[in-house]
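K.L.:
Chains as they are written, first to last, in our numbering: chain W, 1 to 281; chain Y, 1 to 369; chain U, 1 to 414.
The hints are simulated quantities; they were obtained by calculation from the structure and are not laboratory data.
Be aware that a few hints might be false.
Covered by chain Y, per the in silico footprint, the following chain U stretches (three or more residues, Cβ under 8 Å) [said to hold, decoys possible]:
1. 132 to 144
2. 151 to 162
3. 182 to 193
4. 366 to 377
Heads up, the beta-carbon is just placed ideally off N, CA and C, and yes, glycines get one too.
These are the residues of each chain, in order.
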Amino acid sequence: MSIRDYRQQLEQEVAQELARAAEPSGGPQAELESAGDAGRLLSLTTHPEAAPELRAAALGRVVRQKDQGSAHLAPLERLVDPNEAPAVRVAALSLLKLLAISSPTFPEWRPMFLEALRRAVDEPALRAAALETLTQEGDRPTQEKLLAGLKDPGQALVPVDQALRLLSSDPHADVREVARSIAGNPPDEAALVQAMKVLAGDPGSVEAFRSLLADRSQSSSVRKLAATALNNLAPELLQPGPEPRPGAAADLESALALTDESALAKHIGALIRVRREPAPR
Amino acid sequence: MIRLVEAGRGDSAYTQSFLELLDERHPVYSGVGTAAVVRMRGELLLALGHHVLPTAALPFVLEELESPHEAWLTAVAARVLRNHPEPSADFVAPLLSALFYIGQRDDTVRLESYGGYGSIGEPTTAVAEVIRTLGWLGKAGERALPRLHELRAREPGLRTAARLDETIAAIRDGAPTEAPECCGYARRLVDAPRSAPADVTELVLQDQSGELLTFRDFFIGRPSIVVFFYTRCDNPTKCPLTIAKLGRLQQHLHAAGLGDAIRTAAITYDPAYDLPPRLVQYARSWGTSTGEHHRLLRTVGDLAPLGAFFELGVNYGDSGLVNRHRIEAFVLDPAGRIVQVEARQRWEESQLIAAAVASMGQADGRADG
Amino acid sequence: MPLEIEINGSATPEARYIANAPSPCRIRQAPAAGPLPVTLTSQPAQPGGGQAVFYSNPAAPSSATLQLTLPADGSWVDFGLGGKWQAPSVDDRDCLLIATGNGDTLTVPLMVRLRKDANTLLPRERDRFLEALAKLNAGGSGRYQDFRDIHVGAANAEEHGGPHFLPWHRTLLLDFERGLQDIDPAVSLHYWRFDQPASSVFQSNFMGATAQVTGDPPSDVAFDSGHPLSGWITDGVPGISRSALFDTQTSPAPGPPGFDLLSEAATLALGDVYTDFAQMEGTPHGAAHVSFVGWISQIPTAAKDPLFFMLHANVDRLWALWQWLKRRTDPNDVNVYQGQNRDGRRLDDSTWPWNGVTTFPRPGFAPGGPLKPSPTTAAPGAVPTIRGVIDYQGNSLAAARIGYGYDAVPFELS
Numbered sequence: 001m002s003i004r005d006y007r008q009q010l011e012q013e014v015a016q017e018l019a020r021a022a023e024p025s026g027g028p029q030a031e032l033e034s035a036g037d038a039g040r041l042l043s044l045t046t047h048p049e050a051a052p053e054l055r056a057a058a059l060g061r062v063v064r065q066k067d068q069g070s071a072h073l074a075p076l077e078r079l080v081d082p083n084e085a086p087a088v089r090v091a092a093l094s095l096l097k098l099l100a101i102s103s104p105t106f107p108e109w110r111p112m113f114l115e116a117l118r119r120a121v122d123e124p125a126l127r128a129a130a131l132e133t134l135t136q137e138g139d140r141p142t143q144e145k146l147l148a149g150l151k152d153p154g155q156a157l158v159p160v161d162q163a164l165r166l167l168s169s170d171p172h173a174d175v176r177e178v179a180r181s182i183a184g185n186p187p188d189e190a191a192l193v194q195a196m197k198v199l200a201g202d203p204g205s206v207e208a209f210r211s212l213l214a215d216r217s218q219s220s221s222v223r224k225l226a227a228t229a230l231n232n233l234a235p236e237l238l239q240p241g242p243e244p245r246p247g248a249a250a251d252l253e254s255a256l257a258l259t260d261e262s263a264l265a266k267h268i269g270a271l272i273r274v275r276r277e278p279a280p281r
Numbered sequence: 001m002i003r004l005v006e007a008g009r010g011d012s013a014y015t016q017s018f019l020e021l022l023d024e025r026h027p028v029y030s031g032v033g034t035a036a037v038v039r040m041r042g043e044l045l046l047a048l049g050h051h052v053l054p055t056a057a058l059p060f061v062l063e064e065l066e067s068p069h070e071a072w073l074t075a076v077a078a079r080v081l082r083n084h085p086e087p088s089a090d091f092v093a094p095l096l097s098a099l100f101y102i103g104q105r106d107d108t109v110r111l112e113s114y115g116g117y118g119s120i121g122e123p124t125t126a127v128a129e130v131i132r133t134l135g136w137l138g139k140a141g142e143r144a145l146p147r148l149h150e151l152r153a154r155e156p157g158l159r160t161a162a163r164l165d166e167t168i169a170a171i172r173d174g175a176p177t178e179a180p181e182c183c184g185y186a187r188r189l190v191d192a193p194r195s196a197p198a199d200v201t202e203l204v205l206q207d208q209s210g211e212l213l214t215f216r217d218f219f220i221g222r223p224s225i226v227v228f229f230y231t232r233c234d235n236p237t238k239c240p241l242t243i244a245k246l247g248r249l250q251q252h253l254h255a256a257g258l259g260d261a262i263r264t265a266a267i268t269y270d271p272a273y274d275l276p277p278r279l280v281q282y283a284r285s286w287g288t289s290t291g292e293h294h295r296l297l298r299t300v301g302d303l304a305p306l307g308a309f310f311e312l313g314v315n316y317g318d319s320g321l322v323n324r325h326r327i328e329a330f331v332l333d334p335a336g337r338i339v340q341v342e343a344r345q346r347w348e349e350s351q352l353i354a355a356a357v358a359s360m361g362q363a364d365g366r367a368d369g
Numbered sequence: 001m002p003l004e005i006e007i008n009g010s011a012t013p014e015a016r017y018i019a020n021a022p023s024p025c026r027i028r029q030a031p032a033a034g035p036l037p038v039t040l041t042s043q044p045a046q047p048g049g050g051q052a053v054f055y056s057n058p059a060a061p062s063s064a065t066l067q068l069t070l071p072a073d074g075s076w077v078d079f080g081l082g083g084k085w086q087a088p089s090v091d092d093r094d095c096l097l098i099a100t101g102n103g104d105t106l107t108v109p110l111m112v113r114l115r116k117d118a119n120t121l122l123p124r125e126r127d128r129f130l131e132a133l134a135k136l137n138a139g140g141s142g143r144y145q146d147f148r149d150i151h152v153g154a155a156n157a158e159e160h161g162g163p164h165f166l167p168w169h170r171t172l173l174l175d176f177e178r179g180l181q182d183i184d185p186a187v188s189l190h191y192w193r194f195d196q197p198a199s200s201v202f203q204s205n206f207m208g209a210t211a212q213v214t215g216d217p218p219s220d221v222a223f224d225s226g227h228p229l230s231g232w233i234t235d236g237v238p239g240i241s242r243s244a245l246f247d248t249q250t251s252p253a254p255g256p257p258g259f260d261l262l263s264e265a266a267t268l269a270l271g272d273v274y275t276d277f278a279q280m281e282g283t284p285h286g287a288a289h290v291s292f293v294g295w296i297s298q299i300p301t302a303a304k305d306p307l308f309f310m311l312h313a314n315v316d317r318l319w320a321l322w323q324w325l326k327r328r329t330d331p332n333d334v335n336v337y338q339g340q341n342r343d344g345r346r347l348d349d350s351t352w353p354w355n356g357v358t359t360f361p362r363p364g365f366a367p368g369g370p371l372k373p374s375p376t377t378a379a380p381g382a383v384p385t386i387r388g389v390i391d392y393q394g395n396s397l398a399a400a401r402i403g404y405g406y407d408a409v410p411f412e413l414s
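Assemble the whole structure, with the sequences as input and the hints as a guide.
P.N.:
Here's what the structure looks like:
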């Protein structure tokens, strides 16, 4: 296509887009479009007879139309309302996350956002998203609740592996001792993997990772993660080895084992290959 | 400690005990999580400042404002500062620093709840408390006016706008004050140069290139300026800023022709994790140079001998990770003796350089220990 | 050798990378008895390779060949060399510049190096990109950390929520891409086209098999054994936390309900002036981010996921495409960029952190140092400004060319 034709094509597409936006559409969007301005859309967000999906969409439209200073207010109200449908609250959280990225006023309403998220943790349909958002914002009270849940299952908000995962992103979340304990006696592999991710920054776990790496009874995922952790903590202990050839195996079990060994060897090879070059002084 | 704090809240008889507990080296912080450290320090500040905030507590309060990271702790510091008998213009810079940094990490807290996140007490935010304290300064806060006007001009939300208007009016209309310059921070010349013992002078260190050397090799023979950091520091106003300032200090040295005469070193609090590749990247990230006379260092073994010699303001959680540290910088004379310490407050490059230069003329050059 | 050619001001192989915009080149003959007519042509070195076109001067239209007469005294003769529309390179040195005159031929291999739709990459292009990306991370101790440190909450005002959003991120991507090119000069920062399904991108052999979730927490993306990114570490923790709120194999990124992710056409249709176009910070940009759960969905953690850079490359491509379509390349035109009266947002303000300014209103730290240089251009300089990245192809001012381009954005305006 020539440059001129390309320009014409794009101009046509833009023109079509502008025309489409000006025309009313049919179907489910019709009700949103007939609501028109932000005030009526806002009413639609709380209309008791409107389906949750429609109310969620109306909320999105409201946010798009509002000015930056107030766009967060409607979704905040929906998020904290315990009587609101989960679908609408989930949409509200997503909209608030979008505004947190793009709105210049976010620093001012961050306190309200965090408060709303802490309340949203109580709603099972929102718990995972709320905890994720809180921990990624570095929320210390949430970290403490998750840690308490790991120490006392009666206080657990989420399964062990999820709590560890949420806490793993912050070295100062103080989950390392608990992670060591869980790694020593994991309830399941998912928990072991997450505990290992926490301990990948713990110099005191080097020997544990060496053992896991050498332990052929462990899954490929666990052994690869052990190699990654060793590469982070004590790279001199990670050496490339010959890559096994699964085709050389005598039976299926051996072939599977060699396949795992082959995968591990490839993984270690990649870790070593992308290491930083030693720096001159 | 909670019982001690409750018993001594607002009682000046407990002031000395509370100040001792604010020393990062206190065993009460050893093996404790970061969150617990934050709570303890915040409750100590609240107890100290319950009625009248003693001047001796100011370095701890102003440190929390200048290098903020936790919204609750910042709110506490701003609140108790208002109980100091005398506003001072020296409070403006730390408060503005708090406004800038905690403004991006603000949160709703309740100062009457233990640790700030319970249900007791009126909700407030760190930014609200800081703005209010700026207003409390009255005329002493004049230097803050340009910044406050600029913030107001950005058309913040209604509540923030109202707080700013109130504070600007309070400063503008405040009574003239002759508040004395205050806050001799913990900048001090040591009473007498402190010599390194043998277990320090022979301590083996490793630099960012992997080279091994002893304390004696690097720190004896020329004066040096030493700072501490760790790569997993999550407070951008502490370690990243320390290393960035070290880089600027190095530029001043080179510009003055002192780049070879005075050495600089940044030593990690976290030697087990901060291996040479991480030291290289950290130096590059935050803008400090390395070379023959300028190194990032880790102890090959335990940090404890250095910790004792420098009396480092750091402690560790049960996981072995730093749970709290202060900003600290040291000047060593050519004999490797500590002759100046700057702690808690952000240090000035020029003052460290001046102290290092002064030590060149005073030291007899002989190594001790 | 009787003929000599310089590309991008140099005879070294490091400079032999061009984008769609014409790179300054010159040619001369060794001093001879008389002038020498030469013909310049370009052809791929192999099928599917890149091809270049010529510009007799910056204002001239491109041509497939160029006839020049080289003075006898060996003086240089200037010409421009740019990528032929829709003929980018796949491999390094797969485009040939051929100069013939008086029976002599000089062939110079080079690369028409463009940012491409990541979903269309050939396996070897994809693998080169991944290898460079992994080496930039270097298991958590590489220079990738600088970019992770730049994009944090404390610096938010420098990066988002204003007219500077687009030029700031353009500068970030340029610095990032140059970091990749320090490792492998044949690599570009390819873009994730989020308004179309990108099934190849979200695979275990590329940016990771990304599970779809509804209300569940995210999981780490899955990589094939030996994949370069399988040792990815940021902040001391292995893995990349990302799940999608849509089926990455069949659907584009949707955005939240009612705040849909805009298509390319709808984005271009936002308006004819910069202030209107810049609304795209909300959608499609923000909408793309929150079409996932995991790191990429929030500012404090977004840059931990390398997909972040490919998302933003598409944001930048959309801006570049809009600039081309609307002919908005002269930074002096307020319809091209309208700033705000705040540091870092005016047209001639320098850009943090590359300016190293650490006094208010900038943060007290500035990770990573000055903007990386490139052997292919001096622009935008070690301390970039907003102005310096707007005319990125040099349409209005040839010297403003900053040395990158997109497969889907031409240089010539018509």
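K.L.:
Now look at each hint and say whether the structure bears it out.
P.N.:
Status of each hint after checking the structure:
Coverage of the region 132 to 144 of chain U by chain Y holds [criterion: at least 3 residues with CB-CB distance below 8 Å; count 4]. Here's how the region 151 to 162 of chain U fares: 5 of its residues keep a CB closer than 8 Å to some CB of chain Y, so the rule of at least three is met and the hint holds. Counting residues of the region 182 to 193 of chain U whose C-beta lies closer than 8 Å to any C-beta of chain Y gives 0; at least three are required, and the coverage claim is violated. Counting residues of the region 366 to 377 of chain U whose CB lies closer than 8 Å to any CB of chain Y gives 4, so the stated coverage by that chain holds, three being the minimum.
Hint 3 from the earlier list is the only one contradicted by this structure; the remaining hints agree with it.
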